[in-house]
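**Student:** Sequence:
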Amino acid sequence: MQTEKKFQRNSKNNKGMKRLSAMIRLTFDFTGKEALQK
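Numbering of the sequence shown is given in the working numbering, commencing with residue 1 and proceeding in unit increments.
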């Protein structure tokens with residue numbers, strides 16, 4: 001029971017991390033394109 005709750009919390013954190021890294025990647029792509037255009 002305890003480990004199951006812990007696993008659920010970890011999977012939720014992993015989803016958040018994936019979303020965060022995707023946002024960072026998008027931001028870097030955008031800033032990179034902006035720098036290339038200037």
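One thing to keep in mind: the hints can contain errors.
[To be verified] Straight-line distance between alpha carbons at most 27 Å, and here's what the computed DSS-like set of lysine-lysine pairs gives:
id: 1; residue 1: K6; residue 2: K18
id: 2; residue 1: K15; residue 2: K5
id: 3; residue 1: K33; residue 2: K18
id: 4; residue 1: K18; residue 2: K5
[Said to hold, decoys possible] DEER-style ranges, computed between Cβ atoms:
id: 5; residue 1: T3; residue 2: M23; range: 43 to 53 Å
id: 6; residue 1: K5; residue 2: A35; range: 42 to 52 Å
id: 7; residue 1: F7; residue 2: D29; range: 25 to 35 Å
id: 8; residue 1: K12; residue 2: G32; range: 24 to 34 Å
id: 9; residue 1: Q37; residue 2: E4; range: 45 to 55 Å
Calculated directly from the structure, the hints in this document are not laboratory data.
Note that CB positions come from ideal geometry on N, CA and C, so glycine has one too.
**Student:** Given the hint of 43 to 53 Å, is the C-beta distance from T3 to M23 inside that range or not?
**Tutor:** For M23 against T3, whose Cβ atoms are near 30 Å apart, the range 43 to 53 Å is violated.
**Student:** Verify the proposed pairing of K18 with K5, using a straight-line Cα cut of 27 Å.
**Tutor:** Distance ~20 Å between K18 and K5 Cα, so the pair holds.
**Student:** Okay, K5 versus A35 on CB: inside 42 to 52 Å?
**Tutor:** With a Cβ separation near 45 Å, K5 and A35 satisfy 42 to 52 Å, so the hint holds.
**Student:** Given the proposed pairing of K33 with K18, does the C-alpha separation stay at or below 27 Å?
**Tutor:** holds, 23 Å
**Student:** Given a hint of 24 to 34 Å, does the C-beta separation of K12 and G32 actually sit inside it?
**Tutor:** Holds, since K12 and G32 (Cβ atoms, about 31 Å apart) stay within the stated range.
**Student:** With respect to the beta-carbon atoms only, verify the hint that Q37 and E4 lie 45 to 55 Å apart.
**Tutor:** holds, 50 Å
**Student:** Decide if the proposed pair is consistent with the structure: K6 and K18, CA atoms, cutoff 27 Å inclusive.
**Tutor:** With a Cα-Cα distance of about 18 Å, the restraint between K6 and K18 holds, given a limit of 27 Å.
**Student:** When you take the CB atoms of F7 and D29, is the distance between them in 25 to 35 Å?
**Tutor:** Holds, since F7 and D29 (Cβ atoms, about 33 Å apart) stay within the stated range.
**Student:** So if I understand the rule, the pair passes when the alpha-carbon distance is 27 Å or less; does K15 with K5 pass?
**Tutor:** At roughly 16 Å apart (the allowed maximum being 27 Å), K5 and K15 satisfy the hint.
Comparing the model with each earlier hint shows a violation of hint 5 alone; every other hint is respected.
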